[in-house]
Every structure is written in C-alpha cells, then in structure tokens.
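> Protein sequences, first through last, are from chains A, B and C. For reference, each letter of the first sequence is one residue, going 1 to 395 in my numbering. For reference, each letter of the second sequence is one residue, going 396 to 650 in my numbering. For reference, each letter of the third sequence is one residue, going 651 to 953 in my numbering.
No lab work stands behind these hints: they were computed from the structure. A virtual CB, placed ideally from N, CA and C, is assigned to each residue, including glycine. Warning: the hint list may mix true and false statements.
To be verified - Heads up, simulated BS3-like pairs for lysine-lysine below, C-alpha to C-alpha not over 27 Å straight-line:
| hint | chain 1 | residue 1 | chain 2 | residue 2 |
| --- | --- | --- | --- | --- |
| 1 | C | 746 | A | 314 |
| 2 | B | 504 | B | 459 |
| 3 | B | 504 | B | 467 |
| 4 | C | 746 | A | 125 |
| 5 | B | 518 | B | 504 |
| 6 | C | 847 | C | 823 |
| 7 | C | 821 | C | 847 |
| 8 | B | 467 | A | 125 |
| 9 | B | 526 | B | 504 |
To be verified - Just the calculated beta-carbon pair ranges, DEER-fashion:
| hint | chain 1 | residue 1 | chain 2 | residue 2 | range |
| --- | --- | --- | --- | --- | --- |
| 10 | C | 935 | B | 515 | 45 to 51 Å |
| 11 | B | 403 | C | 814 | 53 to 59 Å |
| 12 | B | 595 | A | 125 | 40 to 46 Å |
As the list claims (entries may be wrong) - Residues of chain A clear of chain C, computed beta-carbon distances all greater than 12 Å:
| hint | residue |
| --- | --- |
| 13 | 17 |
| 14 | 31 |
| 15 | 34 |
| 16 | 90 |
| 17 | 129 |
| 18 | 134 |
| 19 | 154 |
| 20 | 170 |
| 21 | 177 |
| 22 | 184 |
| 23 | 207 |
| 24 | 319 |
| 25 | 321 |
| 26 | 365 |
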Amino acid sequence: MARFWATRLTSIAIVILLAFVIGQYVDATMASGPANIVRRIIYLCSLYGILSVSLNLINGITGQFSIGHAAFYQIGAYTAGFLSRGVFTHWGLQGPLLLLASTVTGALMAAVGGWIVGMPSLRLKGDYLAIATLGFGEIVRIFAINQDWLGGAYGMSGIPAVTKLSYLLMLVALTIAICRNLLLSVHGKAFLSIREDEMAADAMGVNTARYKIWAFVIGAGMAGAAGAMYAHFETYIGPTSFFMDVSFIVLAMVVVGGTGSITGSLVSAVLLIVLQEKLRDLGSITAGPLYLVALLLFIGAYVAAGLCRRFRPKPLGATGIWGGTILFALVAGNLIGQRLEVISTFSQTFEAYQLRMVIFSITLIVIMIVRPQGMFGHHEFSWQLFARKRRPALP
Amino acid sequence: MSDLLQLTDTTIRFGGLTAVDRLNFTIPSGTLFGLIGPNGAGKTTAFNMITGVYQPTSGDIEFKGRSVLGRKPFQIAGLGIARTFQNIRLFGALSALENVIVGGFLRHKTTLASALLYLPSAKRELATFVKTAMDILDTMNLADQAHTRAQDLPYGRQRRLEIARALATNPELLLLDEPAAGMNPAETEDLMALIRRLRDEFHQTILLIEHDMRVVMGICESIVVLDHGAKIAEGPPEQIRNDPRVIEAYLGESH
Amino acid sequence: MSYYIQQLIVGLQVGAIYALLALGYTMVYGVLRLINFAHGEVYMVGAFFTLFISRWIHAPEDPALWKLFTMLFGAMMVCAILGATIEQVAYRPLRKSPRIASLITAIGVSLLLQNLAILVFPINPPPAVATEVIPFQRSIQVGDITLDIGKMAIFAVAIGMMILLWWIVMKTKMGRGMRAASHDFDAAALMGVDVNKVVRFTFIVGSALAGAAAMLNSTFLGTPLRVDYGLLPGVKAFTAAVLGGIGNIPGAALGGMLMGLAETSVSAAHLSSYRDAVAFIILVLVLLLRPSGLLGSSKVEKV
Numbered sequence: 001m002a003r004f005w006a007t008r009l010t011s012i013a014i015v016i017l018l019a020f021v022i023g024q025y026v027d028a029t030m031a032s033g034p035a036n037i038v039r040r041i042i043y044l045c046s047l048y049g050i051l052s053v054s055l056n057l058i059n060g061i062t063g064q065f066s067i068g069h070a071a072f073y074q075i076g077a078y079t080a081g082f083l084s085r086g087v088f089t090h091w092g093l094q095g096p097l098l099l100l101a102s103t104v105t106g107a108l109m110a111a112v113g114g115w116i117v118g119m120p121s122l123r124l125k126g127d128y129l130a131i132a133t134l135g136f137g138e139i140v141r142i143f144a145i146n147q148d149w150l151g152g153a154y155g156m157s158g159i160p161a162v163t164k165l166s167y168l169l170m171l172v173a174l175t176i177a178i179c180r181n182l183l184l185s186v187h188g189k190a191f192l193s194i195r196e197d198e199m200a201a202d203a204m205g206v207n208t209a210r211y212k213i214w215a216f217v218i219g220a221g222m223a224g225a226a227g228a229m230y231a232h233f234e235t236y237i238g239p240t241s242f243f244m245d246v247s248f249i250v251l252a253m254v255v256v257g258g259t260g261s262i263t264g265s266l267v268s269a270v271l272l273i274v275l276q277e278k279l280r281d282l283g284s285i286t287a288g289p290l291y292l293v294a295l296l297l298f299i300g301a302y303v304a305a306g307l308c309r310r311f312r313p314k315p316l317g318a319t320g321i322w323g324g325t326i327l328f329a330l331v332a333g334n335l336i337g338q339r340l341e342v343i344s345t346f347s348q349t350f351e352a353y354q355l356r357m358v359i360f361s362i363t364l365i366v367i368m369i370v371r372p373q374g375m376f377g378h379h380e381f382s383w384q385l386f387a388r389k390r391r392p393a394l395p
Numbered sequence: 396m397s398d399l400l401q402l403t404d405t406t407i408r409f410g411g412l413t414a415v416d417r418l419n420f421t422i423p424s425g426t427l428f429g430l431i432g433p434n435g436a437g438k439t440t441a442f443n444m445i446t447g448v449y450q451p452t453s454g455d456i457e458f459k460g461r462s463v464l465g466r467k468p469f470q471i472a473g474l475g476i477a478r479t480f481q482n483i484r485l486f487g488a489l490s491a492l493e494n495v496i497v498g499g500f501l502r503h504k505t506t507l508a509s510a511l512l513y514l515p516s517a518k519r520e521l522a523t524f525v526k527t528a529m530d531i532l533d534t535m536n537l538a539d540q541a542h543t544r545a546q547d548l549p550y551g552r553q554r555r556l557e558i559a560r561a562l563a564t565n566p567e568l569l570l571l572d573e574p575a576a577g578m579n580p581a582e583t584e585d586l587m588a589l590i591r592r593l594r595d596e597f598h599q600t601i602l603l604i605e606h607d608m609r610v611v612m613g614i615c616e617s618i619v620v621l622d623h624g625a626k627i628a629e630g631p632p633e634q635i636r637n638d639p640r641v642i643e644a645y646l647g648e649s650h
Numbered sequence: 651m652s653y654y655i656q657q658l659i660v661g662l663q664v665g666a667i668y669a670l671l672a673l674g675y676t677m678v679y680g681v682l683r684l685i686n687f688a689h690g691e692v693y694m695v696g697a698f699f700t701l702f703i704s705r706w707i708h709a710p711e712d713p714a715l716w717k718l719f720t721m722l723f724g725a726m727m728v729c730a731i732l733g734a735t736i737e738q739v740a741y742r743p744l745r746k747s748p749r750i751a752s753l754i755t756a757i758g759v760s761l762l763l764q765n766l767a768i769l770v771f772p773i774n775p776p777p778a779v780a781t782e783v784i785p786f787q788r789s790i791q792v793g794d795i796t797l798d799i800g801k802m803a804i805f806a807v808a809i810g811m812m813i814l815l816w817w818i819v820m821k822t823k824m825g826r827g828m829r830a831a832s833h834d835f836d837a838a839a840l841m842g843v844d845v846n847k848v849v850r851f852t853f854i855v856g857s858a859l860a861g862a863a864a865m866l867n868s869t870f871l872g873t874p875l876r877v878d879y880g881l882l883p884g885v886k887a888f889t890a891a892v893l894g895g896i897g898n899i900p901g902a903a904l905g906g907m908l909m910g911l912a913e914t915s916v917s918a919a920h921l922s923s924y925r926d927a928v929a930f931i932i933l934v935l936v937l938l939l940r941p942s943g944l945l946g947s948s949k950v951e952k953v
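So here's chain A without its partners, still in its complex pose (with noise of 0.2 Å):
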C-alpha cells in the first residue's frame, strides 16, 4: 500500500515537474519573433489532443457515435469567456486561480452538456446517434449567434489571457491518465463491452445505459476544460470557431489513430496539426503539380492496395509499398505537373493552407477503405513494443 502510494505521487510529481519545466521553457523562449507560431503549434496539438483523446472515450472506448464534439468544446469556451470577465474577476481572481475556476466550471458546464447529448444515446444508435449529436452540436452554436450577453455573433474579446502551457500539458496528462486508468480497471472493460456488443454487455448486467452516459459525460467534461483553456489562450472567442469542421477534424483525428486507442488519437492529433500547420509554411502551390500529384496519388493507392492484397506483405513490406507509391506519386507529380504549366489552367495558383481541409477528408476516407482500424488499431503504446519477447498488454 505504501509502496503504492510511493509510486503514484512520484509519478504524479514527474509529471508536473515535466510539464512545468517544458511549458515555462516553450513559454519564455518562444513567446516573440517567429518561434511563436511553434509555441502556437503547441499550444493547438494539446488542445485537439485532449479533444481527440476524449472523444475517443465515447467513440472508439464506448463506441457511441457522436459527431458533435465541438459543441462541448465550445460550452467550455463560452463558459469560460462569460464567467471570467463577469463573475471571476470580480471575484479577484486572476493568474492560475483565475484559470482553474474557469477550467472547472466549464469542465462542468460542458458535462451537464454531455448528459443531455448522452441521453439519445439510449435510445439510438450508430448513423442515427451521429446524426443527432451533430444536431445538438448545430443547436448550440446557432444559440449562441442569437444570444446578445454571449456576444452574439461577433463573440467575446478581451478574456484575460492567463493559460500557460504548463497548465495545458497538465491538463493533458490527466484526460490521458483518466482514460487510461479507466481502461484498466473493471469498470474500463464494461465500457469496451458496450461498444462490441451492447446487448451482449447488458446480459452480462452491465447498465449500459448508466455507462454511455457517463461516457459522454466525462468526454464532454475534458472537452470543456480545453474549451476554457482555449479561451483564456486565444482571449477572443465566437461562434465561427467552433464549426462543424472542428467536430469533424477531431472525428478525423480519432479515426486515423484507432477508434478506442489513447495513443492513437493523441498521435494523429499532433500529426494533422502540424501537416495544417506546415502547410500554411509551403504558401502558395501550384495547380499542375497539385493537380497531377492528385491524380497519381488516387490511382496509387488503387494500386497499392491491389498490391497489398495480392501479397499479403509483413506490415514492413505494406509500409514500403505504401510509401514509395506516395513518393512516386509526390516527385513525378511534382516534374510532369510543372511541365504543364504552360496551360493556363494548369498554372493558377492556391494557398496550401486551403488544401488542409482537402487532405483531411481525402485522409478520412482513405483510411476507411485501406485500414478501417486506423494507425494503432486498438492498441496502446507500450514499452513492450521494444521488449524481445511481447506478452499480452492485459495482466
């Protein structure tokens, strides 16, 4: 027991240590000049981290298909914007205090959220409850248009800007920490048996309705707290900010890591954050290469994946298959498109930064067709990974 507790407090203290250190480091060095789009950067994948990482409690742990994340998001936001400069300031609160009032209360606004969305759930199920959650994502953005003391439709500014990094990466190992803990415990494998086969799970006595709920409580509480930590981070907050795009860029993030993989979801999370990022970097492209990597992209992946079945490669070999035909299709795309440009079709020009959203949905659905399961399947990182012998993740 002692030992126990030995652990999980120098544990607990690492962690804070390290995401202290780390933050006031990023903070204090990258906070002017051109470092401060990489400290931006940051800033975003731990914000769409704990985003995908607690959707993916409900969606790939618990299986409920919800497409309205970004309605929790915003609760947390708008919660946070309204009683910081209302209530918590007047308070006297400010700094760190200041943050996690604000942190928690919309955690807690956003949960309540949650609840209700989570309701549908026991009544439906797949395409239908996506279709709903998507509506109660819509509901509550078109509320906030319409409500002046929300700010309406130009949203609230001047939030005191009081997130610091090192709060973010803590608030990130939590939900990583919650969610993982979740999954090994008892109560965990209720939740995974809801999302194999929910009649099954209820004949085994699990109240699966008590669990989606909470699933979709506890989801759209750390939903919340990054709501409110983006808030207190960008300091202007209004309703163009929470789109239906972020609900599907999270679904996406959750879908290219592995639907019910922790370590998934935060991966892709930074992954296509940093791909939107460095494309805004790359400027302007051009419409030939563009056009022409395009084409050869699409019948590339036909081809590899016709490769692929055909024979049945070790996962190293798929790799391969996989990468030089995107290579093949980048570089030859790139020589033969710039050859074209002499056409005037061919020689328009786009914002890369435009073709993010592109690349996100060809992603989405490319990943669906080759590998449905995602990067990491259903599996965690684990050190094991690098062990001679592998044993089973579970005890």
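For this one, chain A is given, so just place chains B and C on it according to the hints.
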C-alpha cells in the same frame, strides 16, 4: 428442491402473431431442463422474455418467487440469470480473458471514480477478476487462448467462451441458446459432457434450448416441447420420445 | 390573411425543394442503410453548374424557355454523374465494412467536395443565378396575392419529378430491384438482382433529383451560391426524410413539405434567426420520440 423459475401463462404477441402462447413450466433448482421444438417454435422468444429483452404481453415470469416483469436485462442478470446467444455475441475485439472479466462485472465493488483515479482498490479488483476469470477459462479448457481476441477463436471455442462468460456472472440459472449449433458430432459430444459436468460438479441449474432433439435427450432430466408458440408436451426424455404429438411436430417439419 | 397565404405558398415552395432532396437521402438509405452525407454537396455542385450552364448558353442575355430546360437537365446530368462516381469510388469498396465506416467516408466525401469547391468554384463575390435570369421572374396577381411564375414552376417540376420517380420505382425493372434491395439487400443479391447496378441507379436517380432541386432553387428562389450552399439544405432535407420515415419515398415528400412549412412559420413569427435551429430541433425530437418517422414502420432488432 425449490422452484427456481416459473412461467405462468406467459404470452407474447408481435402485431397479429402470437409468438409464445400461454406457456407454463417450472424449473426446479439444480436440474438440467430442456426446451425443444422445431424452428420458429418460440424457444428463443421465451428466452428473451425471461431475460427481459422482450416484455410478455400477458402472463407472469417468476424467478425465486419474484416477478421479473418490467425489469431491464441488466437487472435480471443481477438477479442471477445468465444467458448465451443463438448467434454468438461475444465482445469480438476483446480477448477471451476480457470477455470473461466483463461476465464477472456484476461482482464489482469499486466505484467508477476510483477506477478513473486508479486507486489501489480498483487495481486490486481487476487482479482478482483476472484470477477468477482464468479459473473459469481453465474449467472451460480455454486458458491457453486467454489472450486471443474472441473473434479470432475457432467457432467451437467461441461457443464455449460464451458459456464461460455467462458462468462468470455466477448465475443461479444458466440459459443456453442452442450451444451446439453448427458443431460437428465430436464437438457436440464434448460440449454435452461439459454441460453435464456443470450440473453435477457445480450444481448449476441450466435451461437448454436445442433444435436437435437427439442432443437433449441424453442429458436433460425434464423437457418441454414447443410448437408454434404453444407447449405440446412436457416430461422426462423417454416420455417425450414416444409422444405422438412431438413426433408429429418434428415429422411435420421435415416433410 | 393574404400574408399567411403568401407565407404558406413560400413554405410549400421551400418544402418542394427539400422534398426533392429528401428523396435522394431516403432512397440511398433505403437500399444501403447509409446516410449519404455528401448529398447536400451534390446539390451544391448542381447549383454551381446551373450557373455555368446558364452562362455558356447565354441564358441571362437572351432568355428562352428551352434554355431553362437545358439548365435543368444539365444540372441533373452533372449531379447524376457525380453521384455515380462517389458511389463507385468511395462507397462501393466499403459495402461489406461496418456501417460506421461508410458513414465516416460519407462525411469525408462531403468535406472533400465542399473544400474542393472552395478551391475551384468562383465564390468571391458569391454569384446568384436568379439575378442573371430576371426575365423569368415575372409574376401574376390573383386578388391581393402575388404569384411568381418562376416560383410556381418549382411546384410543377417537383411534382412532375415525383410522379416520374413513382413510375420508375413501381413500374420498371430497376425500380423492382430497388424495392427488393431495400427490403433485404443480401437476399436480393442472392435472388439474382444485380445489386451493384441497382445501387448505382439509386445514386443516379437520387443525385439527379438533387440536381433538379439545385437548379430550381438557384434559379427561382435566388440564394447566392456559396460552398456551404448544400450544407443546411442537406441537413434539413435529411431531417425531412427522417420525419417522413427514412427509407419511405412518400414519407420523404411529405416530410419535405412539412419542413418547408415549419421553417416558414418560424420566419413568419419573426423568429427568423432561429430558422435553421428549427430543423435540428425537429430532427432531434423525431429521432427521440418516433425514430421510425411519420410513415415509417419500426423494426425490432433480432436477437
């Protein structure tokens, strides 16, 4: 011996179709009870009413003297009735071990909060659950594949895993819905030996649905025969075997 | 009084557009059990092509009735081809995967079309077809009610399309295949129905109806064309399909009309900023209270 389960005039209608019509039978504690009948006779529907998936239109179902009507399936599982499914419904992506752990879920004592914080109690609880689950897998001869995903197990083993999962709920009444369906004769033989063992060694009360009459004849003490939703015969196997109405029902089907 | 009649007519016009769109959702759902999220985007593409075609054939400068029909059939054709392509490329490989996988793909296709449209279509400033075909905006006066000829055409075409659809579904071999597939997809395949053909045909017909709706809406109701042109109509039409009972063709038509009326009532009651929320509220309520819709039949999951 006391009566464990009692059906009184249990009836269910779907629209105009009466799927089960005034069904009466009583299962005494510790028996291996068979429910047989041709396809579409209403056997699985009867199961679904006992386990709360469907609510009977009229009549009553009592378990240990208390009516189970109006209760949800998970509550009925909590009362001590466990079941398997005719078309296997395992938690496919979970390991065999995890499947059985979920079966033991009813015995959990920790709260969800302690699980989220991974308190020592939650950690210990999973460890004890793993141990119990491994014992059950051992009994069912599945221990060697405890870490295999349920959907990757061979068919016969999946059937056995479903029974193991149901046993993990520590039921007073075990409902088996065509456990031998799709098995070859050798596998069926093994399974029947296993079921008999459950009754003899663990004093498990079992209600067994079977489509194939020959399978049940050998092991059940008492058999109820359904046809078109109604009970047409009840009694020990020898009596059933010679009952003209039963022969009629089965022959009628094969015609 | 005339205000309400006017509103009623507007409601039915909007409803006719939703009904045409809802038919596409309901047909695809009926056959494949898939919510075709991309349907709204097909509609958007149809609206843009209406614009392009009207420019190519110089409809604005030199209007003629045949040009309107060219725009109508052109938009229908483009949408039909697009719908068939989407089905072939994105949905067919996933026919045997879990339904959620197809749903995610559908969301992906919808996002893809929207964002490709941002890149490819002229959206700055948002053009409108209606302003370019003003000669068709003539109106007649009945008592104190003004009837727009163009807008009345919406009814005529919509009802014509629905009758045509009814004939296709009830009387043709393909229609029989569609009904069989929506009853039991696998059994239909086993009974020798060429389900691939049926599914493609369903997408073609559904998308063509979306193209017709797009042409009618963009030409006669005059909303500016933007890339999210199909987003809200799509969700509303889906709501209409659910309201009528998804998979049920008359239900979709009825649901569309009801949606149009509900929306116009909210606007008429001076709550127009909540007009879009109405659809979502109806959607959530129907899903919760009567998921099978007005004309649909409920199904019990088999254990």
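> Hint by hint, say whether it matches the structure.
Hint by hint, here is what the structure shows:
Distance hint between residue 746 (chain C) and residue 314 (chain A) is fulfilled; the C-alpha atoms sit about 24 Å from each other, no more than 27 Å. Pair hint residue 504 (chain B) plus residue 459 (chain B) holds up; C-alpha atoms about 24 Å apart against a cutoff of 27 Å. Restraint check for residue 504 (chain B) and residue 467 (chain B): the C-alpha separation of about 21 Å stays at or below 27 Å, so the hint holds. Distance hint between residue 746 (chain C) and residue 125 (chain A) is fulfilled; the C-alpha atoms sit about 19 Å from each other, no more than 27 Å.
Distance restraint check for residue 518 (chain B) and residue 504 (chain B): the Cα-Cα separation of roughly 12 Å lies within the 27 Å cut-off, and the hinted pair is therefore satisfied. Of the supplied pair hints, the one linking residue 847 (chain C) and residue 823 (chain C) holds, its CA atoms being roughly 11 Å apart against a limit of 27 Å. The straight-line distance between the Cα atoms of residue 821 (chain C) and residue 847 (chain C) is roughly 17 Å, inside the 27 Å bound, and the hint therefore holds. A distance of roughly 18 Å separates the Cα atoms of residue 467 (chain B) and residue 125 (chain A); the hinted pair therefore holds under the 27 Å criterion.
Taken as a hint, the residue 526 (chain B) and residue 504 (chain B) pair is honoured in the structure, with Cα atoms around 16 Å apart against an allowance of 27 Å. One distance hint, 45 to 51 Å for the beta-carbon pair residue 935 (chain C) and residue 515 (chain B), holds here, with the actual separation near 46 Å. The hinted window of 53 to 59 Å between residue 403 (chain B) and residue 814 (chain C) holds, with their beta carbons roughly 57 Å apart. A C-beta distance of roughly 42 Å is found between residue 595 (chain B) and residue 125 (chain A), which places it inside the suggested range of 40 to 46 Å.
Every Cβ of chain C is farther than 12 Å from the Cβ of residue 17 (chain A); the closest lies at roughly 39 Å, confirming the non-interface assignment. The Cβ of residue 31 (chain A) lies farther than 12 Å from every Cβ of chain C, with a closest approach of about 33 Å, so its non-interface assignment holds. The Cβ of residue 34 (chain A) lies farther than 12 Å from every Cβ of chain C, with a closest approach of about 28 Å, so its non-interface assignment holds. No Cβ of chain C comes within 12 Å of the Cβ of residue 90 (chain A); the nearest lies about 31 Å off, and the non-interface call holds.
Not every Cβ of chain C is farther than 12 Å from the Cβ of residue 129 (chain A); the closest lies at roughly 8 Å, contradicting the non-interface assignment. Distance to chain C contradicts residue 134 (chain A) as a non-interface residue, since its nearest Cβ pair spans about 8 Å, not more than 12 Å. At roughly 14 Å, the least C-beta separation between residue 154 (chain A) and chain C is larger than 12 Å, which holds for a residue marked as non-interface. Separation of residue 170 (chain A) from chain C is adequate, the least Cβ-Cβ distance of about 32 Å exceeding the 12 Å criterion.
Chain C leaves residue 177 (chain A) outside its interface by the beta-carbon criterion, the shortest separation being 28 Å against a cut-off of 12 Å. The claim that residue 184 (chain A) lies off the interface holds: its Cβ sits roughly 26 Å from the closest Cβ of chain C, which is beyond the 12 Å cut-off. At roughly 19 Å from the closest C-beta of chain C, the C-beta of residue 207 (chain A) stays outside 12 Å, upholding its exclusion from the interface. With a closest Cβ-Cβ approach of about 21 Å to chain C, residue 319 (chain A) is found to remain outside the 12 Å limit, as its non-interface label requires.
Every Cβ of chain C is farther than 12 Å from the Cβ of residue 321 (chain A); the closest lies at roughly 18 Å, confirming the non-interface assignment. Look at residue 365 (chain A): its CB is around 4 Å from the nearest CB on chain C, not clear of 12 Å, so calling it non-interface is violated.
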